[in-house]
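Undergrad: Sequence:
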Amino acid sequence: MTRGAETAGKGGGALVQVRGTRRLSPARRLHIYLLEARFQVVEVLREPAFAIPTLVFPLILYLFFGVIMGTGGPSLAVPTYVLATYGVFGVLGPALFGFGVGLANERDTGVLLLKQTTPMPVGAYLFAKVMAALIFGTAVVLGLFLLASQAAGVALYRWQWFALAGVLLAGVIPFCALGLAVGAWARGRSAVAVVNLVFLPMAMLSGLWLPVYMFPEIMQDIALALPAYHHAQLALKVVAMDAGQSVPLHVAILMAETLVFLAVARLGFRRAGTFALGGK
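For the sequence shown, position 229 (counting from the first letter as 1) is numbered 230 according to my numbering, and the numbering increases by one without interruption.
Just so you know, the hints here were simulated from the structure itself, not pulled from any lab data.
Note that the Cβ used here is the ideal one computed from N, Cα and C, for glycine as well.
Certain hints may be false.
Claimed, not checked - Cβ pair distances, simulated, as ranges:
hint	residue 1	residue 2	range
1	Met-215	Ala-253	20 to 30 Å
2	Val-43	Gly-111	12 to 22 Å
3	Ala-257	Leu-211	24 to 34 Å
Unchecked claim - Okay, derived cross-link-like pairs now, SDA-like style, lysine to any residue, Cα gap no bigger than 25 Å in a straight line:
hint	residue 1	residue 2
4	Lys-116	Val-57
5	Lys-238	Gly-154
6	Lys-238	Ala-226
7	Lys-116	Ala-52
8	Lys-238	Leu-225
9	Lys-238	Lys-116
Using the sequences and the accompanying hints, generate a full structural model.
TA: Below is the structure:
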């Protein structure tokens, strides 16, 4: 199989793309996608400074606010409410940090450029990042469900547990798109700080720690523009504790913001000249 290589120097970066003249079979393509996803998960697990806080921090928050402080009265409203919102918080972290920090570091260290010199489809790289975020998000959600049911006494219908898990994990997609946009523009050394500047204020303003109605009116208006707010409202809708807006509204805003994040990421990669978003 012959391959053509194209090299261009723009914006301080070199764009290297290697394309095969023969298309990969579906089975071979699937194997590459799964193999890259496996390597990505193993790589993250070998970074305990990332893996441990990502998995443990949401559980500690729920243990303190949902179990210790939330179960003193006759009502289970608090542990049920924070189960949904901390679930959003739990899937937000792996997506933002996995894409934002991981991608920025891989670009600056040359790992991303090295991957582009191989026949691996660009989609496999993105798929691996999403799968890693999904796996870590699943672990956090299961841990929260265990604490909620066994320690906090939260009782939901079976369909609510499954629906809540599905809604929470579906939020990985827009958050990965946001992380992709951050990683496309941030440098490796500043990526952690930039992601935290996005992550923590958005978590607070979206009502993941305190209900949005407790905020001043201007902060409530800001929340309406944040993806984590709409994701949290969808999760709260499952347990009948949302603010009352319609599901199609939240879904439409999340889809629109996902497309905006992808467009911003594409511009960032074009500027840096190190990644061909949308390639094979």
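Undergrad: Does each hint fit the structure? Answer for all of them.
TA: Each hint, compared with the structure:
no. : hint                          : result
1   : Met-215 - Ala-253: 20 to 30 Å : holds, 26 Å
2   : Val-43 - Gly-111: 12 to 22 Å  : holds, 20 Å
3   : Ala-257 - Leu-211: 24 to 34 Å : holds, 26 Å
4   : Lys-116 - Val-57              : violated, 31 Å
5   : Lys-238 - Gly-154             : holds, 20 Å
6   : Lys-238 - Ala-226             : holds, 18 Å
7   : Lys-116 - Ala-52              : holds, 23 Å
8   : Lys-238 - Leu-225             : holds, 16 Å
9   : Lys-238 - Lys-116             : violated, 42 Å
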